[in-house]
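Chemist: Now for the letters of each chain:
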Amino acid sequence: MSATMQPTWLMLGASSAVARAFAQEAAAHGAGILLAGRDMEDLERQAADLSIRHDVPAAPVPFDARDTASHAAFVEDCAARAGGPLNVFLAFGVMPDQAEADRDPAIAAGMVEANFTGATTVLAALAPVLEAQKQGVVVALGSVAGDRGRPRNYLYGATKAALLTYLQGYAARLSRSGVRVLCLKAGPVDTAMTWPLPKLPFMTTPRGFAAGAWKLAQKGGGGAYLPRIWWPVMTIIRSLPTRIFNKLDI
Amino acid sequence: MSDTMTEERAAAEAAEAHRAAGWKQVSLQGWGRSSAAPCLAARPERMRELMAALDVPEGRTLLPYGGGRAYGDQALNTGGAAVLTGRLDRILAFDPASGLVVTEPGVTFADLLRVFLPRGWLAPTSPGTAFVTMGGAVANDVHGKNHHRAGSFGDHVLWLDLLLPDGRQIRISDEEEPALFRATIGGMGLTGIITAVCFRMQPVPSNALTVQSRRIRNLDDFLAGFAAAADATWSVGWIDALAGGASLGRGILETAEPSETGVALPAGKTKAFPLEAPSWALNRMSVKAFNALYWRRVPEAGRQQLQHYGKFLYPLDAVLHWNRMYGRRGFHQFQCVLPFGPGEMALRRLLETISAAGDASFLAVLKVMGRPGRGLLSFALPGYSLALDIPARPGLRGLFASLERITREAGGRIYLAKDSLLSAEGFWEMYPEAQRFQEIRHSVDPEGRFSSDMAKRLGLAA
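So the sequence lines, in the order shown, correspond to chains A and B.
Just so it is clear: in the first sequence, position 119 is 119 by this note's numbering, and no numbers are missing.
Each number in this note's numbering comes from the position in the second sequence (counting from 1) with 1000 added on.
Hints were generated in silico from the structure; no laboratory data involved.
Think of the CB as a built atom: it goes at the ideal place given N, C-alpha and C, for glycine as much as any other residue.
Fair warning: there could be bad hints in the mix.
[As the list claims (entries may be wrong)] Calculated cross-link-like contacts (lysine-lysine; reagent style DSS-like; alpha-carbon spacing at most 27 angstroms):
| no. | chain 1 | residue 1 | chain 2 | residue 2 |
| --- | --- | --- | --- | --- |
| 1 | B | K1024 | A | K199 |
| 2 | A | K199 | A | K219 |
| 3 | A | K185 | B | K1024 |
| 4 | A | K185 | A | K215 |
| 5 | B | K1024 | B | K1288 |
| 6 | A | K247 | A | K219 |
[Unchecked claim] Each pair of labels, with its calculated beta carbon distance range:
| no. | chain 1 | residue 1 | chain 2 | residue 2 | range |
| --- | --- | --- | --- | --- | --- |
| 7 | A | M203 | B | A1015 | 11 to 21 angstroms |
| 8 | A | K215 | B | A1179 | 45 to 55 angstroms |
| 9 | B | N1283 | A | G149 | 49 to 59 angstroms |
| 10 | B | E1007 | A | I237 | 45 to 55 angstroms |
| 11 | B | P1038 | A | I250 | 47 to 57 angstroms |
| 12 | B | A1052 | A | D249 | 25 to 35 angstroms |
| 13 | B | Q1305 | A | S175 | 48 to 58 angstroms |
| 14 | A | D64 | B | K1456 | 54 to 64 angstroms |
| 15 | A | A106 | B | R1168 | 26 to 36 angstroms |
| 16 | B | P1096 | A | S177 | 39 to 49 angstroms |
Start from the sequences, fold in the hints, and give me the full structure.
Modeler: Here it is as structure tokens:
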């Protein structure tokens, strides 16, 4: 395993539009791709597309974020398939309607399980692999919704805030082995998740988002707003006094 | 008052239900921007979501919508529902030995050019914009500047996967369900949603072609020029539609052959037409000046250039949103094909009518077409094809009615991908297999779940 060997990007939640666009970006730069998710038929199609367009190895791997007991074996399988350094793009997550989650505890618990619990267990299983290879990068999708809970989606926001806190410690641990961890606070991206919603501010395309994420993933780690406009916006929103914030319809 | 409140609440509840099922209220437009169609739209990113979109709320009708490059109301379904196929954009298979490729419906000609031209493969034929999707290419049986040699897009299709209105997904070809295959090629998305297209690419020796351009003085000169260029791989004529009298039909004839030597990739970034042009910007004088300049651009003695395929095939794609040039009211496009023989006189009459109307029409495109298409509603006929834009204005219908009449009398037909104004009566006369199309459509969609504004206008749907 030489340092110049092309890495393999493990895409967790590979069917999402953002992961799809990022996989295109990585494959265009010559990286191999492992597509992890539940919809195997869809992942087969994506693997074919990546290998035809970019002439790189690409393969689907079954992965269910909620099936935490399977994560250790899953990671073992991925490490064996990669045959070289592994990078990770964590994109899975669900965003059911807040009101629905309030009514149905199963939906609420399912969201926490998928967005947070599942993320931590798969990251925990990945940590020794990443530490052993002494290189690589983990990119995880947080959300601006995690910066301050809003009536519209505070449970979703809470799962992303929890993930961020987890990643802070995770990043510090992995930094000792030369592995970088980048947590992106994503603004709304024009995907299936946001499609039915009313018009959202500063919406970006999956392709634009992926290009920005790729650039950030080339150097450093830590956290970053993407697109960057969300840094000033969220700085203001976070600093609003509660009295005012509670009256806002945002 | 309480009635309004109930209605408002009902509307809000309906909107909420649509949202939960992945539908969104949108307003879609044809490329000509002359009309807008409010409808519900789903934008599936994978097959599973596409299947779910067949479950249309409130018994609305459904229609697939691809690149949005059909000019008129063909891809619009006012008050109904649309499935946007643009995110289904994977290339599923490619055989470098045979050039066979399989794609999802949302893959565009731009994708094909980017991925396959560097490997020596080109789409078998292509319309004048690379933003057309493969689903749209089949549904309109599109053609290009090589039609006289290569035929239409449908001629190169081996099979299609079709999602029927009842949710079944089947493979159709000349061997399996041949009637439905012929109805779907050129079928305007009315037979179901195309989920995969298998077609054959053509090998090319480099990324460029040798393009010969020369000035043409008038229509007779043009027809003689096309006859002499019958062996050219690619040929197209640009006509100054405002020139009349002795200069009627003057323009530029371009012919092109694959070149053995390539060119460096065009570094040019695309520009976008930034705003809607104000309505006064396009008038007879400004367009006349533009057309004259365009004509003189080619030196008297003609010229030969090495051009990248992208530049030759898609000259207008360098300016994104060029349709905004026609301002808020948008424009209509007229394209017809006229059979050889009677077509020559009809072509002259069309140009005279257009020139006399004096509408600010930019360059018209003249092309020779070869064999008829395979689809029941395919456009192609052996003959001359003429296409031009006309800005929307009051009284335009009269001009279009004249153009339609001249086309019908010559035994020609109007291209549905471009059309927004053809009469139902004219359609049924121009497309003699329309009845057969309807029978096949009825067999796969007895309840009429698929529909479009164009289908209604032409008497194909209630």
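Chemist: Tell me the numbers of any earlier hints that the structure contravenes, in ascending order.
Modeler: When the structure is compared with the hints, numbers 2, 5, 6, 10, 11, 14 turn out to be violated.
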